[in-house]
Amino acid sequence: KHKAKPNAIYYVATKDFETFSETKLFIDCQTDESADGKPREIIDTTVMKIGDTYYSVSKDGDNAEANGGIRILKTKNLLDCQSWEKVLDLDELGLDVTELGIDALDNRFLEGPEIFQFNKKDWHNPNVPEYGIIADQYAIGAGYLPIVTTDLEDVTNAKNSWKILSKEEYSFDR
3 KHKAKPNAIY YVATKDFETF SETKLFIDCQ TDESADGKPR EIIDTTVMKI
53 GDTYYSVSKD GDNAEANGGI RILKTKNLLD CQSWEKVLDL DELGLDVTEL
103 GIDALDNRFL EGPEIFQFNK KDWHNPNVPE YGIIADQYAI GAGYLPIVTT
153 DLEDVTNAKN SWKILSKEEY SFDR
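Heads up, the sequence shown stops at 176 in this note's numbering, and the numbers go up one at a time, no gaps.
Hints in this document: simulated from the structure, not taken from any laboratory. Any given hint might turn out to be false.
Each computed SDA-like pair below joins lysine to any residue, with the alpha-carbon atoms no more than 20 Å apart [said to hold, decoys possible]:
| # | residue 1 | residue 2 |
| --- | --- | --- |
| 1 | LYS123 | ILE52 |
| 2 | LYS88 | ILE52 |
| 3 | LYS88 | VAL49 |
| 4 | LYS122 | GLU171 |
| 5 | LYS169 | VAL89 |
| 6 | LYS26 | ILE45 |
| 7 | LYS169 | GLY134 |
| 8 | LYS76 | PRO131 |
| 9 | LYS122 | LYS165 |
| 10 | LYS88 | TYR57 |
| 11 | LYS51 | VAL89 |
| 12 | LYS122 | GLU132 |
| 13 | LYS161 | GLY145 |
| 14 | LYS165 | HIS126 |
| 15 | LYS76 | LEU90 |
| 16 | LYS26 | ILE11 |
| 17 | LYS165 | GLY145 |
| 18 | LYS123 | ASP153 |
| 19 | LYS78 | ASP156 |
| 20 | LYS78 | TYR57 |
| 21 | LYS76 | ILE11 |
| 22 | LYS26 | VAL89 |
| 23 | LYS78 | GLN119 |
| 24 | LYS51 | LEU80 |
| 25 | LYS169 | TYR140 |
| 26 | LYS26 | CYS83 |
| 27 | LYS26 | ASN79 |
| 28 | LYS78 | VAL49 |
| 29 | LYS76 | ILE52 |
| 30 | LYS165 | PRO128 |
| 31 | LYS78 | ASP124 |
| 32 | LYS122 | SER173 |
| 33 | LYS122 | LEU154 |
| 34 | LYS51 | ALA15 |
| 35 | LYS26 | ASP82 |
| 36 | LYS88 | TYR133 |
| 37 | LYS88 | TYR12 |
Cβ-Cβ distance ranges computed for the label pairs, FRET-style [to be verified]:
| # | residue 1 | residue 2 | range |
| --- | --- | --- | --- |
| 38 | GLY143 | SER168 | 12 to 20 Å |
| 39 | ASP82 | ALA141 | 27 to 35 Å |
| 40 | GLU24 | LYS161 | 38 to 46 Å |
Ideal placement from N, C-alpha and C gives every residue a C-beta, glycine not left out.
Can you build the whole structure from these sequences, using the hints too?
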């Protein structure tokens with residue numbers, strides 16, 4: 003049994019939306035301690051399965067934490083809250099954000115991430131799946147920021163698989 007934690011991700015299960023399972027801890031990113039010793043927070047989680055691995059994308063850390071951000075975690079055991087492992091935080095990729103009017107891809111500027119796979123017809127290479135992460139640029143009121151990758155586990159962007167799309171490369175209106 004887990005002690006309830008503020009701003010962790012929980013789940014319930016239902017087959018009929020009338021009866022529900024017991025609430026259980028789903029993802030807890032609070033094993034990292036913030037600089038001031040306060041437990042970390044995690045909110046705004048989405049999950050996608052790629053092959054036999056589940057990936058979650060979440061806002062990790064409160065707005066004032068300099069070492070938090072949009073965090074990607076992975077597991078092969080979806081409902082085992084202890085099995086989630088950190089893949090990376092977007093701000094660790096070293097992507098150029100000078101055009102965005104922000105300092106970093108961290109939790110001071112981004113929240114509400116979503117992860118999705120592009121339709122195959124939209125892949126640059128028909129043999130290499132492409133994934134998108136959009137995150138709300140809430141701090142500057144600029145809407146959703148689209149980031150694309152062909153490798154969620156390219157943690158240093160050594161393969162140059164991560165890219166922030168310029169305004170000319172996307173439209174939310176089409």
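How the hints compare with the structure:
no.	hint	in the structure
1	LYS123 / ILE52	18 Å, holds
2	LYS88 / ILE52	16 Å, holds
3	LYS88 / VAL49	14 Å, holds
4	LYS122 / GLU171	17 Å, holds
5	LYS169 / VAL89	27 Å, violated
6	LYS26 / ILE45	15 Å, holds
7	LYS169 / GLY134	15 Å, holds
8	LYS76 / PRO131	18 Å, holds
9	LYS122 / LYS165	18 Å, holds
10	LYS88 / TYR57	10 Å, holds
11	LYS51 / VAL89	15 Å, holds
12	LYS122 / GLU132	8 Å, holds
13	LYS161 / GLY145	28 Å, violated
14	LYS165 / HIS126	13 Å, holds
15	LYS76 / LEU90	10 Å, holds
16	LYS26 / ILE11	9 Å, holds
17	LYS165 / GLY145	18 Å, holds
18	LYS123 / ASP153	18 Å, holds
19	LYS78 / ASP156	18 Å, holds
20	LYS78 / TYR57	9 Å, holds
21	LYS76 / ILE11	14 Å, holds
22	LYS26 / VAL89	23 Å, violated
23	LYS78 / GLN119	19 Å, holds
24	LYS51 / LEU80	9 Å, holds
25	LYS169 / TYR140	17 Å, holds
26	LYS26 / CYS83	9 Å, holds
27	LYS26 / ASN79	14 Å, holds
28	LYS78 / VAL49	12 Å, holds
29	LYS76 / ILE52	10 Å, holds
30	LYS165 / PRO128	18 Å, holds
31	LYS78 / ASP124	28 Å, violated
32	LYS122 / SER173	18 Å, holds
33	LYS122 / LEU154	17 Å, holds
34	LYS51 / ALA15	18 Å, holds
35	LYS26 / ASP82	10 Å, holds
36	LYS88 / TYR133	18 Å, holds
37	LYS88 / TYR12	18 Å, holds
38	GLY143 / SER168: 12 to 20 Å	19 Å, holds
39	ASP82 / ALA141: 27 to 35 Å	34 Å, holds
40	GLU24 / LYS161: 38 to 46 Å	42 Å, holds
In this structure, the earlier hints numbered 5, 13, 22 and 31 are contradicted, and the remaining ones agree with it.
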